[in-house]
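Let the hints inform the model, and build the full structure from the sequences given.
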Amino acid sequence: MKWKRSERLVDMTQHLLDSPHELIPLTFFSERFQSAKSSISEDLTIIKETFEKKGTGKLVTVTGAAGGVKYIPQMADADIQHVITDLMSELSHSDRLLPGGYLFMADLLGNPRLMNQIGKVFASAFADKDIDVIMTVATKGIPIANAIARHLNVPVVIVRRDSKVTEGSTVSINYVSGSTRRIQTMVLSKRSMSSGQNVLLTDDFMKAGGTMLGMKSLVEEFDCKLAGIAVLVEAEHHEDILVDQYLSLAKLCEVNEKDRTIQISEGNYFAEGGK
Numbered sequence: 000m001k002w003k004r005s006e007r008l009v010d011m012t013q014h015l016l017d018s019p020h021e022l023i024p025l026t027f028f029s030e031r032f033q034s035a036k037s038s039i040s041e042d043l044t045i046i047k048e049t050f051e052k053k054g055t056g057k058l059v060t061v062t063g064a065a066g067g068v069k070y071i072p073q074m075a076d077a078d079i080q081h082v083i084t085d086l087m088s089e090l091s092h093s094d095r096l097l098p099g100g101y102l103f104m105a106d107l108l109g110n111p112r113l114m115n116q117i118g119k120v121f122a123s124a125f126a127d128k129d130i131d132v133i134m135t136v137a138t139k140g141i142p143i144a145n146a147i148a149r150h151l152n153v154p155v156v157i158v159r160r161d162s163k164v165t166e167g168s169t170v171s172i173n174y175v176s177g178s179t180r181r182i183q184t185m186v187l188s189k190r191s192m193s194s195g196q197n198v199l200l201t202d203d204f205m206k207a208g209g210t211m212l213g214m215k216s217l218v219e220e221f222d223c224k225l226a227g228i229a230v231l232v233e234a235e236h237h238e239d240i241l242v243d244q245y246l247s248l249a250k251l252c253e254v255n256e257k258d259r260t261i262q263i264s265e266g267n268y269f270a271e272g273g274k
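Reading the sequence shown from the start, the letters are residues 0 to 274 in numbering that gives the first Met the number 0.
Don't read these hints as lab results, they were simulated from the structure. One or more hints might be untrue.
As the list claims (entries may be wrong) - Here are the simulated distance ranges between beta carbons:
{"hint": "1", "residue 1": "Asn115", "residue 2": "Glu21", "range": "16 to 26 Å"}
{"hint": "2", "residue 1": "Ser194", "residue 2": "Lys3", "range": "47 to 57 Å"}
{"hint": "3", "residue 1": "Gln33", "residue 2": "Ile172", "range": "53 to 63 Å"}
{"hint": "4", "residue 1": "Glu89", "residue 2": "Arg181", "range": "25 to 35 Å"}
{"hint": "5", "residue 1": "Glu41", "residue 2": "Phe103", "range": "45 to 55 Å"}
{"hint": "6", "residue 1": "Glu256", "residue 2": "Ala105", "range": "16 to 26 Å"}
{"hint": "7", "residue 1": "Glu51", "residue 2": "Phe269", "range": "18 to 28 Å"}
{"hint": "8", "residue 1": "Thr184", "residue 2": "Glu235", "range": "19 to 29 Å"}
Unchecked claim - Lysine to aspartate or glutamate pairs mimicking EDC-like chemistry, simulated, CA-CA at most 16 Å apart:
{"hint": "9", "residue 1": "Lys52", "residue 2": "Asp94"}
{"hint": "10", "residue 1": "Lys257", "residue 2": "Asp94"}
{"hint": "11", "residue 1": "Lys206", "residue 2": "Glu253"}
{"hint": "12", "residue 1": "Lys250", "residue 2": "Asp85"}
{"hint": "13", "residue 1": "Lys57", "residue 2": "Asp127"}
Treat the numbers as computed from the prediction; the structure is a model and nothing was measured. Positions of the beta carbon are idealized from the N, C-alpha and C atoms, including for glycine.
Written out as structure tokens, the structure is:
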């Protein structure tokens, strides 16, 4: 079958988008399309320029016998700002207010388009980090973890509050909740991670950071390294927070249950060097 250039460009683009952070040898495309490497290189140049112009990401070329091309998902600052602004607008709706000053966010976490955007926002911040796995706590952090993992092309491990027979042998730790100051338990299957991996922690909401500190302790129990922390929404901190060097997209500043008002501000994504 003889492929037209337009057909090659469409197929190559789709393959690259489906395989972020994966080094693809030029011989793969050359054999796939029965085309010379010089033609493949020209096609990749077109895709590279288009990706960079549209803010889709960048193509990195690795030279040598074991070289190839790698797609790195990234978003332009203006596009990231747009995602953050839309998120803040959604979170500000008074009907999201729940008893106790909590916010209803299940619909946002269940929105695949929004989660995909948020995943790419965080993946852009950690694109140059050596991330091996994403860790989160069941259950609301799972959509965010999966979204980030999709763009970094790494697996997700899920920490639970209690042990499940389907997970085999587990490692459990006790930690102090940052908000309630109560002793709680975290459990993770021994098969979830290997020693020496770099772990990115994420969750949908962070108050004082007790849950993040607990996950950090689990990372250390597995003899792994903390590579970063990504939070969708953080609370306004009126006391010392238990973790540092984290990225957040939005901040819950004030909740007035009597007047049913919610004050949301921008998180620290840009202030902490997310881009």
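Hints broken by the structure, by number, lowest first? 9
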